[in-house]
Amino acid sequence: MADYTKYTKQEMQAYAIAKNIKENQIVIVGTGLPLIGASLAKAAVCPSCHPIVESGLMDCDPVEVPRSVGDNRFMAHCAVQWPNIRFIGFEANEWLHDEDRLIAFIGGAQIDPYGNVNSTCIYGDGDYVKPKTRFTGSGGANGIATYCNTIIMMQHQKRRFMEKIDYITSCGWMDGPGGRERAGLPGNRGPQMVVTDLGIMKFDEQTKRMYLAYYYPFSSPEMVKENTGFDIDVSRAELMEGPSPEIIKLIREVIDPGQAFIKVPKE
Amino acid sequence: MDKVYSLHDAVAKFVEDGDCICFGGFTTNRKPYAAVGEILRQGQKDFTVWAGPAGGDWDMMIGEGRVKAYINCYTANSGYTNVARRFRAAIEAGELIYEDYSQDVLMLQLHAASLGLPFLPVRLMQGSGLMKYWGISEEQRKTLDKVDDLKCVEVENPFNPGEKVVAVPVPKLDTAIIHVQKASPDGTCIIEGDEFHDVDIAVAARKVIVTCDELVSNEYIRRDPTLTRVFGECVSAVVHAPFGAWPSQCYNYYDNDPGALKEYDKASKYLDAEDAKAQLAKAAAKAKKAAEKAPGDEKLAEAAARAAKVAEDAANGVAIPETFKDYLDKWVYSVKDHNDLLNKIGGARLVSLNSAPHLGYSNTHLK
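For the protein sequence lines, the chains are A and B, in the order given. Counting the first sequence from 1 gives a position; the working numbering is that position plus 130. Counting the second sequence from 1 gives a position; the working numbering is that position plus 412.
One thing to keep in mind: the hints can contain errors.
To list a few chain B residues with every Cβ distance to chain A over 10 Å, as calculated [claimed, not checked]:
hint, residue
1, Met-413
2, Arg-478
3, Tyr-486
4, Gly-491
5, Ala-496
6, Leu-556
7, Lys-558
8, Lys-576
9, Val-577
10, His-609
11, Asp-612
12, Lys-619
13, Asn-630
14, Gly-708
15, Lys-742
16, Gly-772
In silico BS3-like links for lysine-lysine, alpha-carbon gap of 25 Å or less [as the list claims (entries may be wrong)]:
hint, chain 1, residue 1, chain 2, residue 2
17, B, Lys-457, B, Lys-594
18, B, Lys-678, B, Lys-705
19, A, Lys-262, B, Lys-678
20, B, Lys-619, A, Lys-262
21, B, Lys-711, B, Lys-748
22, A, Lys-260, B, Lys-619
23, B, Lys-737, B, Lys-457
24, A, Lys-260, B, Lys-694
25, A, Lys-260, A, Lys-288
26, B, Lys-457, A, Lys-393
Covered by chain A, according to a simulated footprint, are these stretches of chain B (three or more residues, beta-carbon under 8 Å) [to be verified]:
hint, region
27, 509 to 517
28, 528 to 541
29, 598 to 607
30, 660 to 673
Simulated from the structure, these hints should not be mistaken for laboratory data. From the three backbone atoms N, C-alpha and C, an ideal C-beta is built for every residue, glycine too.
Throw the hints in and build the complete structure from the sequences for me.
Written as structure tokens, this is what we have:
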């Protein structure tokens, strides 16, 4: 019989995502872990949420795990097939109407203490025009980080959590309090937390700097400190309990049975 | 008016060297691959590209050196390749003239072009590297006749003094190519599922090629005008190209071909045989170094031995992995036209991609 009492780091992350989605929220997901987390929320933790994707597909409820935001697996099981420009307009109008219903997941290669994210390129010995490592580019992330509250998904490594990142693709709290307003960005929107394979970071209300809010049963505040490339406050950290066997069973048997995004170790 | 052309004639007539061009579709969905293959065969080049959410379509054109300036927001066959490999290699080698906008801005720019706007103000990109850094400098822009002189300018909102917004240029498209489910000889199109930016570029471009899975009569296509999306008078040429979006998806018709997308993912790692040899030798040297650093680590030692063997086999010509050039020879240059391509893919394989009506995608295709 399958053992659902043990879980992987990725399953913990997906569970952490699902736990942070609230009733009736409109959730902007990409593919990968955020989608698994949002599917888990919809199935078990918070069924009233509405997953949407940046290609313009609204209230998605896919049967099979999609591989990209434009996938027919989203398109065939959603409420409305909008073109991307409507998605952008919707996102902006939510802010203009002072609605606070959107929560968005974005990811990146580098992040700084204020939640600014780089998903464009790593300079190495070069620069933006001729970088060492080039990524896809912004996609929808810049607009999402402009208008929406975000949850940032990262792998927790020293080389990714840096005091200063090479390039800001998606703006966080910029250089601290008032930074977004100075840049011309909505000040009442911004990153809410960072979910990694080691814990959940939040941003201090006064300084807007990242601090450790939760660690997992298999991680510790010390591990987070060791794997963070800047000074991080861990004094407020609490333990987050892991998912129940029912949740793990749901992920493995219903949400991602093909293991498209969550690999299950062989027993 | 009958606008039906063969794929060859449509591309020969409406795609010219130096065109400012945009393709429809979204990364791995409804990409006009049949037309991309025909452009590659015919040799048109020096394109100024508004890429939109691009995938293998523009990655192949970049790898084949057909792009003069690439205006990007996202380039990857998402779900198969994290970052399009020829795009990435060209940028890292400093060989591609490119610019980044966010996807939001680029899609709004294409929409603005469809509306005929003179320029576009947005509340996006502020505070980010997208405003701060220009891939193409003002100086260089002045030497590129199809690229606007400025990437963006921060201006004051005249209707809300004190508010800073960002003005961006509006694309002036020569050519748009879209693949749709149904079109009629007069150019009218039915797009099923998400239209993406396809309607915008069909209105905005001077020359528009439509490839379609089904060519239906002018009478049939307007039986239910709630379904039609493109006015025929916007269209220059209609081409009947069944499976014309292969290996990407086409809603209600077929799924993507994971076999081809995985093959491209692997092959596009190496430009050609020489590049494969060089990269594999480099990987072997790296693995050797790692193994030497940790004596006694059997796994690292095994990995180093494996990498050395692979590099050696490549160097001796015993086993060179498939490269980008091989992929293009196999799927583009060795076929004479689209029908020839379909025969090469094979009936059983194509049928396995067909969308199951109760799902909206294929449940039988190779995982």
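I'd like to know which numbered hints this structure contradicts. Please list them from smallest to largest. 3, 4, 5, 8, 9, 10, 11, 16, 17, 18, 20, 21, 22 and 26
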